[in-house]
Structure formats: structure tokens, C-alpha cells
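Undergrad: Below, each chain spelled out in residue letters.
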Amino acid sequence: MEKQPILELKNIRKTFDKLVALDDVSFSLLPGEIHGLLGGNGAGKTTLMNILYGLYRKDQGEIFLNSEKIEINGPRDALKRGIGMVHQHFLQIANYTVLENIVLGTGITNRYTMQMQPEARKVEELCQRFGLPVELNAVISTLPIGTRQKVEILKALYRGVKILILDEPTTNLTPQEVDALFESLRVMVNDGLSIVFITHKLREVLSVCDRITVLREGRNITTLDRKDASEEVFVRAMVGEQMNIEKSVYFARDTKTFGEVDYTAEPLLRLTQVNLISKEGVARLKDVSLEIFHGEILGIAGVAGNGQQELAEVTAGIIPPTSGKIEQNGRDVTGVPVGERLRSGLSYIPEDRLHDGFLPKASVAHNLILGVHRQPPYSDGRFINWKTVYQNSREQIREYNIKTGGPEDPGGNLSGGNIQRVMIARAFSMNADLLVAHNPTRGLDIPSMDFVYQKLLQRKAKKQATLLISEDLDELMLLSDRIAVIYRGEILGILPREQFDKYAIGRLMSGIRSTEPATP
Amino acid sequence: MKTLGRTILPYLIAIAASFAAAGIFIAAMGFDVGRAYQTILLTSFRTPNGFIQTLLKFIPLTLQALAFTVPLTAGKFNIGGEGQMIVGGIAAAAVGITFSDLPPVILLPLVILAGVIAGAFWGLVPAWLLYRFGLNEILTTVLLNFVSFALIDLVATGPWRDTTAGHPTTIPIGQGGWLPMLVSNPPLHSGIILAVLVAAGIYVYTSRTTGGYELVATGANPRAAEVFGINVKRMFVFSLVLAGALAGLAGSIEVAGVHRRLIEGMQSNFLVLGLIIGLIARGNNLAVPFVAFFIAVLEVGASAMQRTLMIPVEMVFIVEALVLLFVLLSDVVRRR
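Chains as they are written, first to last, in the working numbering: chain A, 1 to 520; chain B, 1 to 336.
A hint or two may mislead.
Derived BS3-like pairs (lysine-lysine); straight-line CA-CA distance at most 27 Å [unchecked claim]:
hint, chain 1, residue 1, chain 2, residue 2
1, B, 233, A, 361
2, A, 247, A, 462
3, A, 227, A, 463
4, B, 233, A, 162
5, A, 403, A, 463
6, A, 325, A, 463
Residues from chain A that face chain B, not an exhaustive set, calculated with beta carbons under 7 Å [as the list claims (entries may be wrong)]:
hint, residue
7, 331
8, 333
9, 336
10, 339
11, 344
12, 371
13, 373
14, 374
15, 376
16, 379
17, 384
Label-pair ranges, simulated between beta-carbon atoms [unchecked claim]:
hint, chain 1, residue 1, chain 2, residue 2, range
18, A, 176, B, 6, 54 to 62 Å
19, A, 337, B, 286, 30 to 38 Å
20, A, 141, B, 128, 33 to 41 Å
Just so you know, the hints here were simulated from the structure itself, not pulled from any lab data.
Think of the CB as a built atom: it goes at the ideal place given N, C-alpha and C, for glycine as much as any other residue.
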């Protein structure tokens, strides 16, 4: 017996200026299923769901809800029809309580006294039913990311949605939190909800979804039942025909190792008891001691906002530590400004590319030499050798697959993924001893991510060291020789590759110190 | 060639549109539009006098515009070119009067240099306030203009006052401080060479040198420039001091080349025109001299139009403002 879809999107098309974000995409959701929407960055997953939620207007196509054609003119419209969405970035008021955030914007029985007992009872009932335990009177700003996500889901459930869209919900969750989320999702669909689960992580959709739709470059490639398809089919659908999956790092098994590191030699970089206290007097880094050896990739795991940015900037010399010592190749570089560090064996991929790494009003060539503009062959110290710069820029544009009109094109014309490629090209072309890379693959599609991974591994062969700070635990476990876990500015533990275990790392990420080594 | 065409085309459309719009006003006021525009556009090229008048306007306009666009390259706004020019003129006159007996070989460089240094100092004050206290440079540069008005009043009515003149004016500077003439009748002084060299130097500096690269990077995104090792605060200070020096040079050229004394009001409306030129050029240091020449043509044409056709000179201000508006509008149109 074939079930009638609860929701159907037919032949949706959406363009942003000349860029076709979605081209003739169709999607159908059955009642009571978890439907995975899978694809790399820029595949159009979020755009499609934003159209469904009324945040974007479609150029062409039709939406059917319970076989009835509808138009959705905004999120309010979507909610009224029982469609809710949990965004990657939460829309919450930080100094309100959980309950206040949930009921905000809905009718309250006692609107003048703000007595909300009936509402609270209703929310509590939802918490229990779906296994989403949250302290309703806690203030949002005091809660960890995982709990704030539960609040966001409760917000949608409280509004009585029948269809719930989750956009990359596992970003920034520990593995334990991911498991708990998946359990809740299962309860929800058993209760009659239908769920769209947007992600770029294949393993997640395979473990939780009933059906999976794969998008690539704004087209839908295939929709398959989970039980009918093998992993290989989805991989091929996600990346297209050109990519060589056998040789890829991205799809390699994480048991594979990529070369040994000599831990008996002197480390390339050593941080000793590094502390950083912010202007407001808050400790951002506490007694951080790390060593990175020649040919090593040291991963830093942690939930975003636990001191990763500060660690990157202190290591790169952008901000001096309050106390402690930083040595590179035996030389004390504590307090040496970043300009000099860049000239002596450092390169840096900042996390916030738009704010910290990019010159929108200057040309692509300007961007590609930022930081090395005083060094040969680009400069003799006084004049920029533009001929060499343009020549090298053209080579980098080709090698790193940056989509631009040429080196003289204004940087502001680049898309987010291409800006990231500029960051990558700049950092790798410096060929520095030490690379500080903070979320280096953010915004890249899978073949580009794989390219970055290959480049990172090539550094190992050259005995160069990399500090890889990432929100993506899979990425860290794939590439790192050791993983250090940061929690509230403190390194809670450092695990060697043979002890990698995502639950052990997850425990450390949520601040639980384990004394005994992790057991599988 | 194609890109050059694409760059210039919006300008031509903007100019044509602004002339058309202003033409409506001129016609409505009952004047002959054709003759008015003929006068405005051709006065500079009909007679040697007209052309030299244009070049004499071109010098301070170019320098004032650069005094605006150089800090703009680093993302800072210098609205103090007027004050920097006045102070440069005062210093040039002070040196020229005090050491009036010195031979030209010594006195002329001293006079020019005094203006440059004084202007640079007038740029250093807001730069330091920005560096040390983070004070907004727009505010401080504008306010320093008013200080300079009081200063020139003090000097032009003080002990150096020329009592025979009806207007606050100092006595002439020593002959050794006069800029040599390229053409004696009508008079064209050699400051034009200085201005062209300086404009070329600024272009080479901003587009070819490492320091210029850092200036551009700072203006494009100061935070990113800082993260990648550029001392942006130093770039801010440097750009404002350099701007002051440029405006100061304009002041000393006016004193040493045109008036040979300090006259209150000699700064004319060069600041505002400089801003307009800088904005029409969209901050592009290479385009500045060309736009400055175009504005100089309009300015000279405007006076001629008032003399011969009795059309108020303000009409040309309207045209200039409209050109700017239409150029800015073309940005908006292109973005659509």
C-alpha cells in the first residue's frame, strides 16, 4: 500500500542573481518518516527548506500540503500550516528563560501578570513525551548548545507543528547528544510527526533516516529508501562522477593511518602554561600546554566557543598571552607579533573568513598575498612584483579551483565557498612549518574538502606541523595524529590515534574528565 | 580596452545626464542653453589665458582631492584639507617673509618644505588623537579647519600685515621664494610640474609599493589586515599625515606661485571641490588628476559664463553636484 505524501514540493527553481541555487527540484515527505536531505555545501539543501519555511520566495514550482496546493509567504504562514524549522543558528533571546523563549510570540493566558502555569504544564508534558529534558526556568545564556537546541525543537512542538525541519542539527553536538537527539526524533515520528533532516554527513542519515534525498549543485539526484541502498550509492550521488572515491581521504576508513610521527624529537611548537585573560577579566585560556611535533596534525576538539578562537590567535601571535611561553623550533616566540611570525614559518586559516581573513574591496590577487606581501618572490621589501603575483595567483586559482574572472577581479564578487578556497590557497602556498587551521573546510563541497585533506596530509610528508581546530569531529578523527579536547579554555585531555573514540571525546567535550583511558 | 570603456562609459552617461538636467534649469531661467554650455566647456581651450587659468585651478584641486583619497584608500576620511592648506600657506609665508634675503636655491625649497611640514603636522594632530584615543577623524579634521581660520586671521592682520591692502593680507615673501615661471604672459608657474609629479608619485606608491599594498589592505578590511600582520593604526596615522602634507603643499604652491603672499580666503572652495573630485573618482588615485582637470575646466568656464552671459556661477556648482550624483547613481544601477 502506497502512503499519500503529507508534503510535496514540485519542480522548485530558485536563482540568486546569476547563480542557480535550485533547478527543478522535487521533494516529497511521507507522514511519519524521517527524511534525510543529503548533500555537500552549496548543494541547495537549506535553500530548499527555506523556501518551504517561507524565508525565500521560489521563482518557479509548486508546494502541496495534504494534496492541496498552497503558497507560503513567511514563517508565520508556515507555522500556521504546521511546518516548523530549527535553524543551524538558533533564534533565541539569551537573557530570557527557556519557558519565555518557548512561549514568546504565542498567546499567553495571563498576558498582564505573565503567570504561565498552564503554558509551563503544556511544555513540561512535551518534554516528557519526546524525551527532551530541559529546566524551564533556566536562563538561555547559561545553557550548553545541546540544550539550547532542545529548546528550539520544543518551540516548534509547542506551536503544534506536524512537519519539523532540522538544518544540520548535529553541528556542535557531542556524540552523546547526537544519540539522544536521534532517539527523540524517533519518538516524534512514532507520535505522528514527519521530519526533514538536513545534513552533509552520510553516516548520520544512514543511521536515523527512513528515506534519503540527495541534492547536488541545486538538482535532486535521487531519492531512495534507506534499506534499498548501499552507502556507495549515496556517496556517488553526493559527489558526482568525477571524483575518485578510492583515492579520496574524505571517504577513507578512519582506521587508516597516514604516516608515523617521531615523538622523541624536539617538538616544532611548544605551548607552556599559556593563560589568556580577556579585557573583561575573564579567563579564556587556562594553563594550556601543548606540543606539536614535526609531521604531526594535532586536532583540537570542542564545542564552539570554548576558547578555540583564542587558542588559534595566541598560537599565531595575533594576541599575546597573558602568561606562559610559546616556542617554535626552540625559539621563544611569545609576544612576537603576527607579521613577523608569518615571515618565519607560520600560516593561518582564520575561522571567520569574512571578518578576519578577507579583503572584499581589494582584488583576488591582493587577497592571495595578504600576509606574505613583504616576502620574496612577491616583494623586495619596497615594491610589489605584480607580474609574479599575477602569475602565481593564476596558478593558485587553477590549482585550488577558485571560481573567479581572474586575479584582478574584486574579491567581493566571490561566493563563500570560493572565499574559503582563497583562504586555503593562501595558507598552503606559504608552505610554512606551522599551519594554524581553524575550521578550514567550512563552506566547501565534498571534492574541495577532500582536496584540503590531501593537502593537509601532504604537509605530514614534508614534516610540517598543523594545529587543526575543527567543529567536525569526524574530520578530526580522520586526519589527526592526536586530539586534544578543549573545554572552557582548558585542555581536558589529549588522546593518541589508537585511543580515538568519539564517545570518550564527547565526554571531554562536555566537560567530564575521565581518569581511566577510554574503552570501546 | 574593453574594461577601460566599461569604466568610462558610466562617467560619460553621468556627465551627459547632469548637463541635460542642469540645462532645464538654465532654460527655465531664460538663458540660452547652447551658448552657456559652449562657454563652460570651451573657455579653457579657446585662449592661452583660459587654458592657463585652468591649469592654475588644476594644481590645488588635484592636491586637495589626493589629500582626501589617500586616507580614503586606508578607509579614513580627511575632511581637513582646507585647514591643512591654510596652515601650509601660513608656514610658507612665514618662512618666505622671515628669510626674505636668502637666494632662491635655499629659500624656494625652504618655503615649499615649510608648507609641506606644517600641513603634515595639521594632519598629525587628528591622526594622533585617533591613534591614542580613537577619536573619529572626520570630526577632528573638520574642527581643525576652524582653528586654521582663526590662525590665518591672526597672521594676516598681525605684524606682517600689508597696510596698503584692503583685505587681510601679508606683505610679499622674498623674491627668492617665488616659484619660477614656465610661461610669463599669461603667467604659469612651475608648481604644475610639482603637482603632476606628486600625483604620479602617489599613484605609484599606492599601486606598486609594499606600503601602498598595506594601505589598500587596511582600507579593504582593517581587521583582516591586522590579523595578517599589518599595523593598521600606523597606516591610519601615516595616511592622514601624508594627506596633510599634500594639502600643505597646495598651500605653499599658492603662496609661492600665485599670490606671493598670504591672503585670507586663498583656500577658496578647493576642499569641497576636492571631496567631489575624490568621490567622482571613487577614491581611485589614478583617476583623480583627470577628474580634477575636468572640474577645473568647469570652474573656469563658470566664471566666463557669469561674465559674458550673466548666468550665475552657482549654475556650475549644480552641474558638478549632479555629475557626482549621477556617478554615484550609476553604482546603484550597476548593482541591480
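Undergrad: Hints first: check each against the structure and report whether it holds.
TA: Each hint tested on the structure:
With a CA separation close to 19 Å, the supplied pair residue 233 (chain B) and residue 361 (chain A) stays within the 27 Å bound. Straight-line distance between C-alpha atoms of residue 247 (chain A) and residue 462 (chain A) comes to about 20 Å, which keeps the hinted pair within the 27 Å bound. Note on residue 227 (chain A) and residue 463 (chain A): the hinted pairing is violated, with a Cα-Cα distance of about 44 Å set against a maximum of 27 Å. Taking the CA atoms of residue 233 (chain B) and residue 162 (chain A), the gap is near 55 Å; set against the 27 Å cutoff, the hint is violated.
Between residue 403 (chain A) and residue 463 (chain A) the CA atoms are separated by roughly 31 Å; this puts the pair beyond 27 Å, and the hint is violated. Between the alpha carbons of residue 325 (chain A) and residue 463 (chain A) the distance comes to roughly 23 Å, so the proposed pair stays at or under 27 Å and holds. The interface hint given for residue 331 (chain A) is violated, since its Cβ lies 18 Å from the closest Cβ of chain B, which is over the 7 Å cut-off. Annotation: residue 333 (chain A) was flagged as interfacial toward chain B, and the flag is violated, the nearest CB pair being 13 Å apart, outside 7 Å.
For residue 336 (chain A), the interface hint is violated, the least distance from its beta-carbon to any beta-carbon of chain B being 11 Å, above 7 Å. Because the closest C-beta pair between residue 339 (chain A) and chain B is about 3 Å apart, less than 7 Å, the hint holds. Evaluation of the residue 344 (chain A) hint against chain B yields a violated restraint, the C-beta minimum of about 11 Å exceeding 7 Å. Satisfaction of the interface hint for residue 371 (chain A) is found here, the shortest Cβ-Cβ separation to chain B being roughly 4 Å, below the 7 Å cut-off.
Among the interface hints, the one on residue 373 (chain A) holds; its C-beta lies about 5 Å from the nearest C-beta in chain B, closer than the 7 Å criterion. With a least beta-carbon distance of about 6 Å to chain B, the hint placing residue 374 (chain A) at the interface is held under the 7 Å criterion. Contact between residue 376 (chain A) and chain B, as hinted, is not supported at the beta carbon level, the nearest pair being about 11 Å apart and thus beyond 7 Å. Proximity of residue 379 (chain A) to chain B holds as hinted, the smallest CB-CB distance being about 5 Å (cut-off 7 Å).
Interface hint status for residue 384 (chain A): upheld, as the beta-carbon distance to the closest one in chain B is roughly 5 Å, under 7 Å. The hinted window of 54 to 62 Å between residue 176 (chain A) and residue 6 (chain B) holds, with their beta carbons roughly 57 Å apart. The beta-carbon spacing between residue 337 (chain A) and residue 286 (chain B), approximately 33 Å, falls within the hinted interval of 30 to 38 Å. In this structure, residue 141 (chain A) and residue 128 (chain B) meet the distance hint of 33 to 41 Å, their C-beta atoms being roughly 40 Å apart.
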